[in-house]
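Protein chains: 2
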Amino acid sequence: MNEINNENLAIIAALDHQKRTLFRSQFLKLHFYDQTQLFASFTAKQRSRIYQFLTPKELGDMFDEFEVEETTVIGFLKEMEPQLAADILSEMYTDNTVDILGQMDKADLATYLNLMPADEIAEVRQLLNYQDKTAGALMTTEYVAIDQHKTVSTAMQIIRHQATNAEIIYYLYVLDDAQNLIGVVTLRDLMVSDKRAVIQTIMNPHVYSVFVDDDQENIAQKVREYDFLAVPVVSRTGHMLGIITIDDIIDVIDEESAEDYSGLAGVNVDDTRETPWRAAIHRLPWLITLLILGMSTAGLINHFDSLVSQASILAVFISLITGTAGNAGTQSLAIAIRKISVENDRKIWHLISNEVLTGVIIGFTSALVITLIVGFWKSNFILGGVIGISMMAAIVVANLAGSLIPILMDWIGVDPAVASGPFISTLSDLTSVMIYFSVAQLFLAYLT
Amino acid sequence: MNEINNENLAIIAALDHQKRTLFRSQFLKLHFYDQTQLFASFTAKQRSRIYQFLTPKELGDMFDEFEVEETTVIGFLKEMEPQLAADILSEMYTDNTVDILGQMDKADLATYLNLMPADEIAEVRQLLNYQDKTAGALMTTEYVAIDQHKTVSTAMQIIRHQATNAEIIYYLYVLDDAQNLIGVVTLRDLMVSDKRAVIQTIMNPHVYSVFVDDDQENIAQKVREYDFLAVPVVSRTGHMLGIITIDDIIDVIDEESAEDYSGLAGVNVDDTRETPWRAAIHRLPWLITLLILGMSTAGLINHFDSLVSQASILAVFISLITGTAGNAGTQSLAIAIRKISVENDRKIWHLISNEVLTGVIIGFTSALVITLIVGFWKSNFILGGVIGISMMAAIVVANLAGSLIPILMDWIGVDPAVASGPFISTLSDLTSVMIYFSVAQLFLAYLT
Numbered sequence: 001m002n003e004i005n006n007e008n009l010a011i012i013a014a015l016d017h018q019k020r021t022l023f024r025s026q027f028l029k030l031h032f033y034d035q036t037q038l039f040a041s042f043t044a045k046q047r048s049r050i051y052q053f054l055t056p057k058e059l060g061d062m063f064d065e066f067e068v069e070e071t072t073v074i075g076f077l078k079e080m081e082p083q084l085a086a087d088i089l090s091e092m093y094t095d096n097t098v099d100i101l102g103q104m105d106k107a108d109l110a111t112y113l114n115l116m117p118a119d120e121i122a123e124v125r126q127l128l129n130y131q132d133k134t135a136g137a138l139m140t141t142e143y144v145a146i147d148q149h150k151t152v153s154t155a156m157q158i159i160r161h162q163a164t165n166a167e168i169i170y171y172l173y174v175l176d177d178a179q180n181l182i183g184v185v186t187l188r189d190l191m192v193s194d195k196r197a198v199i200q201t202i203m204n205p206h207v208y209s210v211f212v213d214d215d216q217e218n219i220a221q222k223v224r225e226y227d228f229l230a231v232p233v234v235s236r237t238g239h240m241l242g243i244i245t246i247d248d249i250i251d252v253i254d255e256e257s258a259e260d261y262s263g264l265a266g267v268n269v270d271d272t273r274e275t276p277w278r279a280a281i282h283r284l285p286w287l288i289t290l291l292i293l294g295m296s297t298a299g300l301i302n303h304f305d306s307l308v309s310q311a312s313i314l315a316v317f318i319s320l321i322t323g324t325a326g327n328a329g330t331q332s333l334a335i336a337i338r339k340i341s342v343e344n345d346r347k348i349w350h351l352i353s354n355e356v357l358t359g360v361i362i363g364f365t366s367a368l369v370i371t372l373i374v375g376f377w378k379s380n381f382i383l384g385g386v387i388g389i390s391m392m393a394a395i396v397v398a399n400l401a402g403s404l405i406p407i408l409m410d411w412i413g414v415d416p417a418v419a420s421g422p423f424i425s426t427l428s429d430l431t432s433v434m435i436y437f438s439v440a441q442l443f444l445a446y447l448t
Numbered sequence: 001m002n003e004i005n006n007e008n009l010a011i012i013a014a015l016d017h018q019k020r021t022l023f024r025s026q027f028l029k030l031h032f033y034d035q036t037q038l039f040a041s042f043t044a045k046q047r048s049r050i051y052q053f054l055t056p057k058e059l060g061d062m063f064d065e066f067e068v069e070e071t072t073v074i075g076f077l078k079e080m081e082p083q084l085a086a087d088i089l090s091e092m093y094t095d096n097t098v099d100i101l102g103q104m105d106k107a108d109l110a111t112y113l114n115l116m117p118a119d120e121i122a123e124v125r126q127l128l129n130y131q132d133k134t135a136g137a138l139m140t141t142e143y144v145a146i147d148q149h150k151t152v153s154t155a156m157q158i159i160r161h162q163a164t165n166a167e168i169i170y171y172l173y174v175l176d177d178a179q180n181l182i183g184v185v186t187l188r189d190l191m192v193s194d195k196r197a198v199i200q201t202i203m204n205p206h207v208y209s210v211f212v213d214d215d216q217e218n219i220a221q222k223v224r225e226y227d228f229l230a231v232p233v234v235s236r237t238g239h240m241l242g243i244i245t246i247d248d249i250i251d252v253i254d255e256e257s258a259e260d261y262s263g264l265a266g267v268n269v270d271d272t273r274e275t276p277w278r279a280a281i282h283r284l285p286w287l288i289t290l291l292i293l294g295m296s297t298a299g300l301i302n303h304f305d306s307l308v309s310q311a312s313i314l315a316v317f318i319s320l321i322t323g324t325a326g327n328a329g330t331q332s333l334a335i336a337i338r339k340i341s342v343e344n345d346r347k348i349w350h351l352i353s354n355e356v357l358t359g360v361i362i363g364f365t366s367a368l369v370i371t372l373i374v375g376f377w378k379s380n381f382i383l384g385g386v387i388g389i390s391m392m393a394a395i396v397v398a399n400l401a402g403s404l405i406p407i408l409m410d411w412i413g414v415d416p417a418v419a420s421g422p423f424i425s426t427l428s429d430l431t432s433v434m435i436y437f438s439v440a441q442l443f444l445a446y447l448t
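Protein sequence lines, in the order shown, are assigned to chains A and B. For the first sequence, the numbering used here assigns the number 1 to the initial residue and increments by one for each residue that follows. For the second sequence, the numbering used here assigns the number 1 to the initial residue and increments by one for each residue that follows.
Quick caveat, the hints were computed from the structure, so don't treat them as lab data. A few of these clues could be false.
Identical chains share a label here; the pair holds if one copy fits it or two copies do between them.
Derived lysine-lysine pairs resembling DSS-like cross-links, with alpha carbons at most 25 Å apart [unchecked claim]:
#, residue 1, residue 2
1, Lys150, Lys195
2, Lys347, Lys150
3, Lys29, Lys45
4, Lys45, Lys195
5, Lys45, Lys19
Just chain A, with the same shape it has in the complex:
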């Protein structure tokens, strides 16, 4: 990477000395992603020079590659003359343009839209209307399409013409006279076909497409299974509207897995650049909610106060039983969230009964182990048995809760990943204590 760093120094020097031609020749050689990395390290003054040195098209190509939050990009755009910002937005791929415009306040949105070309305004407005996390919100309109009656040589001409604008030129989508999607031809097919062949005769009519209102999670799953580089998006009537490219699919896969992961931990892991203050503010509401829920467990133990006074040995095993049940419940939760979100597996009774049965086996084994340990330690196998029975029951209930709760949330339309691990642990504390003290009360005479 040393070579690149030296290059970067040369680029910065050219910029600082206002050597426009030198800067352009060096900076434009970089990969767009490297351009964004370098750009992000510049001062406001350096950035203002770049806005003059590069064309809107060159800036748009770079802006397409930003991997930062939309709000950061909006910050850059607002540093420029509004017309330049609007020009950059028109040069970018529509899906990225729409992502950025969608995060702007209404006044800015109106300003930039007014400065964009009329045909683009209509397109952008249309895309802004699609619901988040659907095909419509992910797709771009820069694809290559061709009429079924055209020839291979025409197709090649169209691709050559659109090569610099289309987001992916590997697939050529075939439309009928009503602009409905009826087939696909790959660039590979075109290259090995006779130049005079009619597209209709060489196209693959088994074109896989998604509906504009399809959920992004299902689309990502399909693209992965079929190893597509892009997938076409059609209206419910078969009209071709756009394409979703593999780079956006990867972002979806990442977003969905980060959501599942965040849910399990009860913390948003995408907020990794936070200061301690902001992190605390984001985490506290959930922790305090769980603290209040935890108070009901404390209240329950308080309710059994006389039991604990009579047999203080019971206090010794509270955290062991709640902890073990919490661990088992978290495992069930993780499996359930994964099954629901990744595999779209909704054979729910099968999932729940599997987890409960697993809980019975795990619970029985753990109970056996703990009964023996406690029995020998305290020379009291009835105490051991009470702990064992309570632990088994607590584990089964925790497994039931861990698998049932995300399924219920999925049913009522809430993302099951919200049923976080900490929530299941805290809930399982309550049920575990209830089970434990109820069992202990029955055998109180033998415990003291």
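Knowing the structure of chain A, use the given hints to seat chain B on it.
Relative to the frame of chain A, chain B by itself:
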């Protein structure tokens, strides 16, 4: 999907009635992935017919798309004549062939290797040697390369010739006389260039490549940032060895995120098709280990037995303090694992100090809330203060453990995702109880 189901019925009928031509015309029209889905639903008898009806090349194309475990594919191969299996393995992309051969026992491996073409044997043997989870293990050797001195029109001929064999024809890698990678040309570049132009003059010399021993996680990160469809793999001396395609990168991203997720839950979420018995057997070792660790918490509470006898009210808040600290520690753990694995961020002191500071803020706020609740509830603000101070200290320690432990594991070369959420919770139970009872002992006189 109705149409496809009817198609499937027609295909199955053709197969069952041994109508070879009809079967071929219908089955080969399906996308390879759909072929695998249908194939997987067939009986052994139906499969044995398919092995006769399709060519090794056609079977190889389908086998390339299998998304099932390698052992399942090996099962299919072993149903066939060994020569057919070897032919299919030679027709498949080398990375997939190697994945399958790598899972075979030595006898089978020797059998199939002996039946494969000599040049392929050497290549496969070489690839089998690369370490798991490195570029070498992911790459395929079916790429398109060209000498720097050739022209655009020669390049187009080469691509046309290799179109059906190469895994991706979108990038053409440019080699010097020593077979070292010196540039890249996209098909897009070729299509818009003069046919007589020399490759060297139109190539992009800023070709991004990875070393054959690079870690798959870092490669996946780069491919995502740069939005590549494939990345070339070179030896430490710059010799071109293969390419890694985007579909394999997606599998890496998925594998790594499943590992992080599994770690957080203390359960392998990839084992989702398990019976309760197998699930229990996989989960029990970890749960029993944590149970034993939990016993030390029980032992500690037992050590403070006289304290609990004197002030049984202390038992009421054990699970509240351990639970809240466990929740906070799990949040820190999730952030730390994510920072280490996704962002490759190893500014460790910054991470730890951030988490500890967050713990102080969260701990102080939770302490304030719980002091007030307990103070009013029990009309005893000293008791409230004891619970509050203990909770704050327990949270800070849990946050420290949650961020420090995965970092320590990363240092000693263990995947930090193994530092599971349940482990942190159980460990935090121990430290929380120690803090709680130590603080309580100081204020014992005021608690009863």
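| Status of lysine 195 relative to lysine 150 across identical chains (alpha carbons, at most 25 Å) | Cα proximity of lysine 150 and lysine 195: in one copy and across copies (11 Å, 24 Å).
| request: Give the relationship of lysine 347 and lysine 150 under a CA distance limit of 25 Å: within one copy only, between copies only, both, or neither. | output: neither (47 Å within a copy, 58 Å between copies)
| request: Tell me, please, which holds for lysine 29 and lysine 45 at an alpha-carbon limit of 25 Å: within, between, both or neither? | output: within (22 Å within a copy, 59 Å between copies)
| query | Is it within a copy, between copies, both, or neither that the alpha carbon of lysine 45 lies no farther than 25 Å from that of lysine 19? | reply | within (15 Å within a copy, 74 Å between copies)
| query | How would you label the pair lysine 45, lysine 195 (within, between, both, or neither) given a Cα cut-off of 25 Å? | reply | Answer is neither; intra-copy 53 Å and inter-copy 43 Å both fail.
Taken one by one, the earlier hints fail for this structure at numbers 2, 4, listed in ascending order.
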